[in-house]
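K.L.:
Chain residues, written in single-letter form:
Protein chains: 2
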Amino acid sequence: MSAPGAFGGVELRSYIREIPDFPKEGVGFKDITPVLSSPEALQASVSALADYAREVGAEVIIGAEARGFLLGPAIALGAGCGFVLARKPGKLPYTTVRAEYLLEYGTDALELHSDAVAHGARVLVHDDLLATGGTAKALCDLVEQLGGTVAGCGFLIELEFLEGRAKLEGFDVRALLGYEAG
Amino acid sequence: MSAPGAFGGVELRSYIREIPDFPKEGVGFKDITPVLSSPEALQASVSALADYAREVGAEVIIGAEARGFLLGPAIALGAGCGFVLARKPGKLPYTTVRAEYLLEYGTDALELHSDAVAHGARVLVHDDLLATGGTAKALCDLVEQLGGTVAGCGFLIELEFLEGRAKLEGFDVRALLGYEAG
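In order, the protein sequences belong to chains W and A. For the first sequence, the working numbering assigns the number 1 to the initial residue and increments by one for each residue that follows. For the second sequence, the working numbering assigns the number 1 to the initial residue and increments by one for each residue that follows.
Hints listed in this document are in silico derivations from the structure and should not be mistaken for laboratory results. Among the clues, some could well be false.
Residues from chain W that keep clear of chain A, each with C-beta distances beyond 10 Å, as calculated [claimed, not checked]:
| # | residue |
| --- | --- |
| 1 | GLY5 |
| 2 | TYR94 |
| 3 | ARG98 |
| 4 | GLN145 |
| 5 | GLY170 |
| 6 | PHE171 |
Under the rule of at most 25 Å between Cα atoms (straight-line distance), these lysine-lysine pairs were calculated in the DSS-like manner [to be verified]:
| # | chain 1 | residue 1 | chain 2 | residue 2 |
| --- | --- | --- | --- | --- |
| 7 | A | LYS88 | A | LYS24 |
| 8 | W | LYS167 | W | LYS88 |
| 9 | W | LYS24 | A | LYS24 |
| 10 | W | LYS88 | A | LYS24 |
| 11 | A | LYS30 | A | LYS88 |
| 12 | A | LYS167 | A | LYS30 |
| 13 | A | LYS24 | W | LYS91 |
| 14 | W | LYS24 | A | LYS91 |
| 15 | W | LYS88 | A | LYS167 |
| 16 | W | LYS167 | A | LYS88 |
| 17 | A | LYS88 | W | LYS24 |
| 18 | W | LYS91 | A | LYS30 |
| 19 | A | LYS88 | A | LYS167 |
| 20 | A | LYS91 | W | LYS91 |
| 21 | W | LYS24 | W | LYS88 |
| 22 | A | LYS167 | W | LYS24 |
Examples of chain W residues toward chain A, derived with CB under 10 Å [unchecked claim]:
| # | residue |
| --- | --- |
| 23 | ALA66 |
| 24 | PRO89 |
| 25 | PRO93 |
| 26 | HIS113 |
All C-beta atoms in this analysis are idealised placements derived from N, C-alpha and C, irrespective of residue type, glycine included.
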């Protein structure tokens, strides 16, 4: 099931630009840059995800570089929360915790400052896109390593055919726009 | 001269965490993660930079990955603007323009979608930190390649001793917090 596409009177789906064969042949890339460059679509996206953050009682939003940084802090502002950053290894300057995740070939990792999430804090995991779920699951792991609770996982887009939700079983998941096929 | 440190009643400077010897010995890293994780400091930073965007008549905000993504879209929302993304080569899916800039050793480049800035649009260049000015100057170049006008350059932090403003001569520059020494 696809999520509805209208938020605050804005037909968000019409702002997603489909780029065929990027980054490789056969893949239809969902380009979100038109959402960001439109004041109305940006506001509608952030408001809908901030509503979700409030609905699940989030106190903190977490997002990973680079694309999780685009809407994460704006969602945090909209919901009266703070934003915490997960980065690639070696980028964060203070002491960190780490979570690894599988890529198509090999593994990658994300790090989070060890004081970024207070014990018991309710955290919303955010990314622009839910694909196979590896990044989102790593963010959930980081939150739980620090004793936080994953209040929910909120995305702008879900590529439903990649079944990333299966990796997030047990967590509440919300995507504004779902795509049933590539 | 350092900029004052209080914005909307929030002493922003107290939220900057100094990390000695990162990323290498002798460098004092300005860690902005406590600004982002505090709802009050995040709001104060974004409001002050959105005020600057309105003051210079910006219609669009531009920022580069990854750290320019953190506040850029929130500033855009606060000022009623859209946000456009500059990324490292090969990351943006549509047709792009490119600007190169010097690193300590070698060069790097940023790309921008060729339809991201309308001819004549007034654009605010944003990054979290003004250091040597290479990234900000590359952003100015990208804006001008597409026929836009750089309305101003707005930063959270300026490392004044690195003299990045010299690279931005002719542009209006505002930093919320200035540091006179490393």
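K.L.:
Give a verdict on every hint.
P.N.:
A quick look at each hint next to the structure:
1. Distance to chain A confirms GLY5(W) as a non-interface residue, since its nearest Cβ pair spans about 20 Å, more than 10 Å.
2. With a minimum CB-CB distance of about 6 Å to chain A, TYR94(W) fails to clear the 10 Å threshold, and the non-interface call is violated.
3. Once the 10 Å rule is applied to beta carbons, ARG98(W) is consistent with being away from chain A; the minimum gap is 16 Å.
4. With 10 Å as the threshold on Cβ separation, the claim that GLN145(W) sits away from chain A holds: the shortest Cβ distance comes to roughly 17 Å.
5. A cut-off of 10 Å between C-beta atoms confirms that GLY170(W) is not in contact with chain A; the least separation is 26 Å.
6. For PHE171(W), the shortest C-beta to C-beta distance to chain A comes to about 22 Å, beyond the 10 Å cut-off, and the non-interface label holds.
7. Annotation: proposed proximity of LYS88(A) to LYS24(A) holds, straight-line Cα distance about 23 Å (limit 25 Å).
8. For the proposed pair LYS167(W) and LYS88(W), the alpha carbon gap of about 21 Å is at most 25 Å, so the pair holds.
9. Annotation: proposed proximity of LYS24(W) to LYS24(A) is violated, straight-line Cα distance about 37 Å (limit 25 Å).
10. At roughly 18 Å between alpha-carbon atoms, LYS88(W) and LYS24(A) fall within 25 Å of each other, so this suggested pair holds.
11. Distance check on the hinted pair: LYS30(A) and LYS88(A) sit about 23 Å apart at the alpha-carbon level, within 25 Å; holds.
12. Distance restraint check for LYS167(A) and LYS30(A): the Cα-Cα separation of roughly 21 Å lies within the 25 Å cut-off, and the hinted pair is therefore satisfied.
13. Only pairs whose Cα atoms come within 25 Å are accepted, and LYS24(A) paired with LYS91(W) is accepted, the gap being roughly 12 Å.
14. With a CA separation close to 12 Å, the supplied pair LYS24(W) and LYS91(A) stays within the 25 Å bound.
15. Restraint check: the Cα-Cα separation between LYS88(W) and LYS167(A) comes to about 29 Å, which exceeds 25 Å; the hinted pair is violated.
16. A hinted pair counts as satisfied when its Cα atoms are at most 25 Å apart, and LYS167(W) with LYS88(A) does not qualify at roughly 29 Å.
17. This hinted pair checks out: LYS88(A) and LYS24(W) have alpha carbons roughly 18 Å apart, not beyond 25 Å.
18. For the given pair, LYS91(W) sits about 13 Å from LYS30(A) by alpha-carbon distance, which is consistent with the 25 Å threshold.
19. For a cut-off of 25 Å, the pair hint linking LYS88(A) to LYS167(A) stands: about 21 Å separates their Cα positions.
20. A threshold of 25 Å between alpha carbons decides the hint, and for LYS91(A) with LYS91(W) the separation of about 19 Å falls inside it, so the pair holds.
21. Restraint check for LYS24(W) and LYS88(W): satisfied, since their Cα atoms lie roughly 23 Å apart, inside the 25 Å limit.
22. Taken as a hint, the LYS167(A) and LYS24(W) pair is broken in the structure, with Cα atoms around 38 Å apart against an allowance of 25 Å.
23. The interface hint given for ALA66(W) holds, since its Cβ lies 4 Å from the closest Cβ of chain A, which is under the 10 Å cut-off.
24. The criterion of a C-beta within 10 Å of any C-beta in chain A is not met by PRO89(W), whose closest approach is roughly 13 Å, and the hint is violated.
25. Satisfaction of the interface hint for PRO93(W) is found here, the shortest Cβ-Cβ separation to chain A being roughly 4 Å, below the 10 Å cut-off.
26. Because the beta carbon of HIS113(W) sits about 6 Å from the nearest beta carbon in chain A, less than 10 Å, this interface hint is met.
Against the hints set out earlier in the document, violations occur for numbers 2, 9, 15, 16, 22 and 24.
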